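Participant: Chain by chain, the residues:
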Amino acid sequence: MEHPILFMTVLFEKIGLGEFAHHYPQLVNSWLAMIILILMAIWAKSSIRPLVPTKVQNVWELIIGGLEEFTVDITGEEGRPYYPLVATLFIYIFLCNVMGLAPGLMAPTANLNTNLSMAVVGVIFAEFVGLKKHGAKYIRHYTGPILPLAILFIPIEIIGRLARILSLTFRLFGNIVAKELIIGLLIFLAGAYLAPVPLYFLFILLCFIQAFIFYMLCTMYIAGAIEEAH
Amino acid sequence: MRTKVALLAGALVLALTNLALAQEAAAVGPTGLKFFITTVFVAGFGIAIAAFGGSLGQGWGLKSAVEGIARNPEASGKITVTLLIGLAMIESLVIYTLVVELILLYAYPMAKPLAKFVGLEVG
Chain S
1 MEHPILFMTV LFEKIGLGEF AHHYPQLVNS WLAMIILILM AIWAKSSIRP LVPTKVQNVW
61 ELIIGGLEEF TVDITGEEGR PYYPLVATLF IYIFLCNVMG LAPGLMAPTA NLNTNLSMAV
121 VGVIFAEFVG LKKHGAKYIR HYTGPILPLA ILFIPIEIIG RLARILSLTF RLFGNIVAKE
181 LIIGLLIFLA GAYLAPVPLY FLFILLCFIQ AFIFYMLCTM YIAGAIEEAH
Chain C
1 MRTKVALLAG ALVLALTNLA LAQEAAAVGP TGLKFFITTV FVAGFGIAIA AFGGSLGQGW
61 GLKSAVEGIA RNPEASGKIT VTLLIGLAMI ESLVIYTLVV ELILLYAYPM AKPLAKFVGL
121 EVG
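Residue numbers (my numbering), protein chains in the order written: chain S, 1 to 230; chain C, 1 to 123.
I should point out that these hints are in silico values taken from the structure, not numbers from a laboratory. Every value quoted in this text rests on a predicted model; they were computed, and no experiment measured them. Keep in mind that the hints are not guaranteed to be accurate.
[Said to hold, decoys possible] Sample of chain C residues at the chain S side, in silico, Cβ under 10 Å: (1) Ala88; (2) Ser92; (3) Ile95; (4) Tyr96; (5) Val99.
Even glycine gets a Cβ: it sits at the ideal position worked out from N, Cα and C.
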């Protein structure tokens, strides 16, 4: 399959770093997603009026407030300091996923490196939260219900934690690559540029659901690390 | 619906690649050709079986969710959220199979070293 033309690659070629942008397109597209999010945050911050809420403020309060309530619903009251990380993951992954729908841009999550880095951050953060709360007694999460069987349970639990990282990565990667393949095939086979548009509703729903699943799983790992071991 | 889309993607990929590989493999030699034919054959059946099992699992989950909503329409919000999460979990297994198939067809790095090890001359 021939390589499509990407805006960021053309932009970097004008600067002179064309080779770098050609080898790592997911990296430069993730920079574009970060710049878009930072600009949106600056715009939201500058339109906050305390007495009469503006429209932009209402929208962002709805999103962030809803995410906070949802996270605290799952993790309990002690999970409130940890919701910014998972909420950021959700918004960032959603933006990265829908970037693949626009022509000229590539979804950064269609590459294994982006997904692996986010999955490692999510899972290791949950481990650190558990260590911080329970201290050395965190090992009781790994030993299972009956103490004499601890030697059997510890390797199984460690492999389970590593499998969480792998499953998070591949779930997101497989979904977004399948979506991009369908778009590429529809343009390639049907020959018309607007051929994939009827499927875009399904794709946007898929992107949202995948970002939501990633966020929910990271929240549940944090909840599992905070709660008492059985 | 989503597994149908994944299934269609896999079928389209296989159809195109089969055509391309047939031309590519004829230049390699008879043993290389056998290797490629077997790989494509296995990849086709792999995704079909995964989609079969995945659809069954999602159908049972959906059935229980709809029964739960019918019994208790007030809890439909929570049931819908749980249903969506469960469906994405089951679907991810089908997606793993699609990823393995993509690796087999497009990026099988051990093809040449393994073939040399076994004794086939793939080239």
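Participant: Hint by hint, say whether it matches the structure.
Facilitator: Outcome of the hint check:
no.	hint	result
1	Ala88	holds, 5 Å
2	Ser92	holds, 4 Å
3	Ile95	holds, 3 Å
4	Tyr96	holds, 6 Å
5	Val99	holds, 5 Å
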